[in-house]
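Novice: For the sequence shown, the residue numbers in our numbering are 1 to 373.
Keep in mind that a hint or two might mislead.
[Stated by the list, open to error] Now the in silico label distances, taken between C-beta atoms and shown as ranges:
{"no.": "1", "residue 1": "Pro198", "residue 2": "Gly167", "range": "20 to 26 Å"}
{"no.": "2", "residue 1": "Thr48", "residue 2": "Lys310", "range": "42 to 48 Å"}
{"no.": "3", "residue 1": "Lys49", "residue 2": "Gly211", "range": "46 to 52 Å"}
I should point out that these hints are in silico values taken from the structure, not numbers from a laboratory. Everything numeric in this text was worked out from a predicted model, so none of it was measured. Every residue gets a Cβ at the ideal spot worked out from N, C-alpha and C, and that includes glycine.
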Amino acid sequence: MKIKGLRWVIIGLIFLATVINYIDRSALSIMWGNENVEGSIAQSLDLTKDDYGNILNIFMVFYALGQLFTGKIFDKVGTRIGYVLSIGIWGLSSFLHSTVRGFLSISIFRSLLGFSEAGNWPGAVKSNAEWFPIKERAIAQGLFNAGASIGSVIAPIFIATLFVAYGWRTTFMVVGSFGILWIIPWLLINKAGPKKHPWMTDEERDYILKGQSEADQKDTSDSKGKSLREILSFRESWAIVIGRFFLEPIWWLFVGWMPIYLFDVYGFDVKQVGMFAWVPYVGAALGSIAGGWVSGRIISKSNSINKGRKVTILIGGIIMFLGLVATVLFGNTPIVFVSIVFFVLFGFQFSIGNVQTLPSDFFSGKSVVHWQD
1 MKIKGLRWVI
11 IGLIFLATVI
21 NYIDRSALSI
31 MWGNENVEGS
41 IAQSLDLTKD
51 DYGNILNIFM
61 VFYALGQLFT
71 GKIFDKVGTR
81 IGYVLSIGIW
91 GLSSFLHSTV
101 RGFLSISIFR
111 SLLGFSEAGN
121 WPGAVKSNAE
131 WFPIKERAIA
141 QGLFNAGASI
151 GSVIAPIFIA
161 TLFVAYGWRT
171 TFMVVGSFGI
181 LWIIPWLLIN
191 KAGPKKHPWM
201 TDEERDYILK
211 GQSEADQKDT
221 SDSKGKSLRE
231 ILSFRESWAI
241 VIGRFFLEPI
251 WWLFVGWMPI
261 YLFDVYGFDV
271 KQVGMFAWVP
281 YVGAALGSIA
291 GGWVSGRIIS
301 KSNSINKGRK
311 VTILIGGIIM
321 FLGLVATVLF
331 GNTPIVFVSI
341 VFFVLFGFQF
351 SIGNVQTLPS
361 DFFSGKSVVH
371 WQD
């Protein structure tokens with residue numbers, strides 16, 4: 001059996017994993033509420049906004065550690081098994097949120113979730129480097145990144161609906177099951193890499209391999225990538241590190257705190273948060289796809305990867321900056337606030353997909369995972 005466009009099926013599965021990733025990740029903030037929100041996590045467990053901030057910090061610390069170590073795991077076992085380990089553990093961790101009794105237990109399961117969810121990103125970037133020619137990597141990365149946005153669009157409405165009907169404990173059981181079920185099609189379809197996959201057509205295999213860099217084509221499962229020390233010796237490495245250092249907090253500010261802001265400032269309940277919190281992530285999803293498409297067009301016309309990436313990153317940065325200023329000056333009502341954040345997150349995803357693609361432009365697949373460290 002041969003499947004035309006198999007690389008797009010693989011990135012489609014990674015897109016779906018990313019959707020699940022963000023549904024699992026978003027569930028806590030959407031159902032957290034406060035002492036005045038009936039049936040919310042905060043009210044049920046007698047927890048405060050300070051507790052939420054500490055739990056979010058714990059998640060982020062273990063998320064950072066997870067990016068470091070899961071990258072090395074993906075290097076050793078490959079993307080096929082690496083994803084099974086990552087999404088299997090995070091699905092179980094999300095499911096176990098249904099059993100928490102207080103700050104300690106929720107912190108433990110949140111740390112496991114953060115560590116394991118981090119594997120999605122080095123795994124996706126490594127898969128992109130393995131399965132796509134250079135000129136398609138930005139759009140592939142954009143589609144994968146759109147999964148984060150689509151997951152964030154789906155999560156508020158879906159989670160709020162489950163919460164209203166069944167409560168937060170059952171909601172965690174449901175969303176935690178998705179990741180475990182995802183493993184089945186992943187193992188069935190992703191049998192091997194593009195060089196050896198039995199379902200790949202010869203035309204697609206040649207197209208992928210001819211469109212990759214020389215380093216990518218020499219890369220094999222037994223080859224060893226550059227060490228982190230070697231990668232950081234390149235000037236380009238520090239440009240990407242600094243760029244992500246300034247860009248990433250913008251995304252996490254809204255992912256972590258926007259529902260809490262809606263609870264506290266506008267007095268929303270969980271159902272109302274579900275009605276509003278999804279809007280900005282539509283902008284993020286559109287930005288992911290648009291950023292990849294624009295970059296690919298510029299590269300095709302100018303024959304310059306450098307120009308394509310830089311121009312697209314600059315455009316997204318300008319949109320973000322203007323949106324953040326507008327949020328401060330004009331975001332005085334819920335509708336205006338989420339509408340402005342729509343453009344902020346559009347600009348973020350327009351840029352970040354190209355920033356995340358740069359490592360696969362510079363290095364072979366074996367080295368790419370370090371960029372998620």
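Novice: Would you mind marking each hint as holding or not holding in the structure?
Specialist: Now the hints, each set against the structure:
1. Pro198 to Gly167: 20 to 26 Å: Given range 20 to 26 Å: violated, Cβ gap about 46 Å.
2. Thr48 to Lys310: 42 to 48 Å: holds (44 Å)
3. Lys49 to Gly211: 46 to 52 Å: Given a distance of about 50 Å, which is inside 46 to 52 Å, the answer is holds.
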